[in-house]
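So the sequences go chain by chain: W and Y. Per our numbering, the first sequence starts with residue 1, numbered consecutively. Per our numbering, the second sequence starts with residue 1, numbered consecutively.
Keep in mind the hints are simulated off the structure, nothing from the lab. Errors might be hidden in some of the hints.
[Said to hold, decoys possible] Here are some chain Y residues pointing at chain W (derived, C-beta under 10 angstroms):
1) T2
2) E163
3) S262
4) L278
[Claimed, not checked] Reference listing, derived: stretches of chain W covered by chain Y, where coverage requires no fewer than 3 residues with Cβ under 8 angstroms from a Cβ of chain Y:
5) 463-475
6) 484-493
7) 549-561
All residues carry an ideal CB built from backbone N, CA and C; glycine is no exception.
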Amino acid sequence: MIDSLHELTLAGVPIDGLDAEAVTPDGYWFSVAADGLEFGSSEAVEAVVRALWADGSEARIDGHDNAVTTFRLMIEGQDHTALAKGEAAFRRLLPDGYGASVDLVWRGPDSAAPASIRTILTGTFSQDYDDMSELETQRIYEVTLTHVPFVRSEFESVAPVLPAVPDTTVETVIDPLTSASGWSITNTAGSHWNRPGTVTVSGGILSATQSVKDGGLAGDYWWRLSRSLPHSTSPDTPYLIVETKMLNASNSAAPIGAGYYPPGAPPGFMAELPRVKSSVTLDGWVRTIFRTGGSSLPNLVLFGRALYATPHTAGWVQVRSVKASNNPGLVKRRQSARIVEVGGTERTPGSLHISSRNGTSPLGLTIIHTSPDGEVSYDPDLSRWITAGATPTDDPAAPMGAWREAASMALVAEVPSSSLPTDTYQIGLLLRSATTQRARFSWTAGTLPLSSSSAMTGSDGGEMWVDLTANTSTFVGVGSTTLPTIIAAAGRTRVIIAQLSGAQVLIGGMWLFRAGRDCGITAVRVNHPHLWVSTGDLSDSATVLMGDAADQSDAYAPTSVLSATPHVFRPRDVSAYVVTDQVDDPATEFRHFRRWPFNPADDGRTE
Amino acid sequence: MTPVWLRVGGRPAHLTGRYSAPVWETLADGGCGEASWTWHLPPHARPIGLGIGALVEVFYSAQRVYLGSVTGIDRETWGINAKGLLDDAVGLPALDSGGNATRSVATAITTARTSPWNWRGRNSRGIVGTVTADTSEPLMLSRLLEMWSEQSGERIGIDEHGELYSRVDATEPKWIIAPRDAVLSSESVETYNLYVGRYRTSTGNATAYSSPWPDGSERVSAGVVDLTQRGILSALDATAVLTKILQATKSAPTWTNGLTLSAQQIRTLGNQPAPLPLVRGGDRVRVVGLTPAQQQEIGAPYLDVTLKRVVQTAGVPAIDVEPVGALPMTLEEAQEVVA
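Looking at chain W on its own, in the form it has when it is part of the complex (with noise of 0.2 angstroms):
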């Protein structure tokens, strides 16, 4: 017997370790070489184009394929019989492909650290003869098994549901931004480069400047704005709400972040608090909430990345207010944004529970959007940036809030350029008409590059039908483009909406919603309490299930699917946005298992 201190395990069944090191009930048992031994790495599917003009190829990688690994797999026993016997055990562990997949669980000599696991789909193996290994007893095999690309963590993680929305809003001030005795403004760009940093407040805004000296520092870097007076944020106001505005034109909308500096942690150290949500306000500041947990803090950090333009840079950010609430910054009832953070380093396939907060109202036409989040802070919702439309009818119910006639006047909303990362759009529209009808409608697209423009430049277009049932709300997607439709620094890019046929159709809500990689829409009629979403391994569409029991006793699939795209998280942060048309504020919970290269730094569980 040999001392393993690893362990393998394959399907539930221990194949090397102290585990695999106890004889079977049929007289055999196994163990796995260590030489041999080979964890497969997964082929990257690149894409290389050509350049026209210039040498040099671009290459990209759209992804990555299987992996294969391989092992020499040792049976020993007590007689021959029962090495075949093992032989046969070992056989039936092995996934074919049309059944479900297995788990290759590797933990390595430190317990304490994080499994290994690995989704096996199909596995063979050989028999390497030796006749002096029969003589002794043993029979050695070359196992191969194909698995899905990555290491995953042993548990899902969850991101939990928050909060239900309070009914009224509290808020209250953690600096009032009168004097800026307490803050200041540092950067990694290194003692060498940097001259000091200043803080100054005027009207109710601070301002946070810290200039580089000159010498061509290429790349960009992190700032870092603290406050070191410690604050209380109560368990009745977990919400950290900030304001900020980056001084920096091409990154205006940037996403900050929070944190603070725990005490007794070593210099420099900070614990980030997770954010929820990040959106662009009416006059262009970003408006971005993060979540403490109810529990003072002793300081406070802002962090951001800072572009270096150009030498002598002075201006980093602005704040303008800083606040404690009790309310996650839903504005529209019908609604709900957070951001999700996901751990590890690889995309990995997203699950959803969408659920009626009392448990019993059906949700009613679900639309549930995620998207990669991080450059700048997007918010699909376009209600807000109406510029043009027919009267509002108020209507709660309505996802924006209200109903606007289509076939009485177009529709407009501008948005500003800078909170679209560049990627194709789809432009997303709720409608309901009184009579069962085929509507046609037009879509525009283009950018106004400055904030004086009025005419559009770099248009897209094109035209709809919308097949409607009499009082019956239903999503399309009108049509996609990529925007901003011109490169532009500043300015907004407007969306038009047109109905040209048709007896009138009521628009309850506009969305632009980013469709380009690992964006996904789903979009169903779920008349239950329940809502499942979740993506496989290798699926090319999502699971969707609805039902009235949250153990999904009784669920089934819905067949009015309107869209069915899988829902990929890919790390650090997933914007998801999800609208119920008749629920408030539903529940929302998320879960993925963190992907890793070759071994996982969590088991899926930590924050």
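Since the structure of chain W is already known, use the hints to place chain Y on it.
Frame of chain W, contents of chain Y only:
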């Protein structure tokens, strides 16, 4: 991962089983062309909702980009083929409500949508037109639409909404392409620069000519075409048919080969990468990045063409495109297509 998904017979296709990335084509003439994919099913499965004629929809997120119907099912390999709704019209006669042959496009479609034909194409744009030809025998709906296209000079087809369209090529380009490998050719197969045709009128036979007449610097080389088998035509229509034959066979420098373009090689007018699933057959593109020799041949620094055919595969960051007028045809080929 790209948000393209498939719906067959009204059901999301993944409910039946995992499927390979669908391939679909869109055409300048015809609208939605062919589509295909493979389902990963065992050989004896009976998928719900799958049969010849089941509606096939390719969605890009929540927007439909292709509409067709199943035309072929291989129950061993589960390879499925689909064609656009115009193909369904090949077997539908063009009739009016009384059951008589009609040459009116709008009437024929209205009748084709009723029982028992139940064609799923629509004419919500209200396109009207009457093909002038002998009315004694019924035509098939697809043939009627083809003849209308020839007569009007417009491109006709069924788009991804199932709607009939009839349009001329846009003059302004929608996309800009800078392909590395565009091959320009100005081969001419025929040397004719004028076509003379004899056609039937109500009072006997008459002669028509293609337009425009060759200019004074060229030697006139005329080809003769017999149009009498097309029935009674008006002078205007006979000229239109001959002009179309001339355009199809004459020599003009144009881009001749099919190309594979990545998202970086096809861009919007604002120089952003084009959203690939939305590039369609019939879109007008501007080819830039031509060599000086090519520019001299064309007489301009760029070339505007209409895409005849665009083939997409879900998830592949490249598309295959072919331009209209890829190669000039022989007179026989042109006659087959046009007459």
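**Report entry** Hint check, E163/Y versus chain W [nearest Cβ-Cβ separation less than 10 angstroms]
**Finding:** holds (6 angstroms)
Query raised in the report: How does the coverage statement for the region 463-475 of chain W fare against chain Y, requiring three or more residues with Cβ below 8 angstroms from a Cβ of that chain?
Result: holds (count 3)
Query raised in the report: Measuring from the C-beta of T2/Y to each C-beta in chain W, is the shortest one below 10 angstroms?
Result: holds (7 angstroms)
Query raised in the report: How about S262/Y: closest beta carbon in chain W under 10 angstroms, or not?
Result: holds (5 angstroms)
Query - Evaluation of the interface hint that places L278/Y against chain W, nearest CB under 10 angstroms - result: holds (6 angstroms)
Report task. Take the region 549-561 of chain W, compare each residue's beta carbon with every beta carbon of chain Y, and decide whether three or more fall closer than 8 angstroms. Result -> This one holds; 3 residues, not fewer than the three required, reach chain Y with a Cβ under 8 angstroms.
**Report entry** Residues of the region 484-493 of chain W with Cβ under 8 angstroms from chain Y, three needed, outcome
**Finding:** Satisfied; 4 residues make the cut.
This entry satisfies every hint, going by the numbered hints stated previously.
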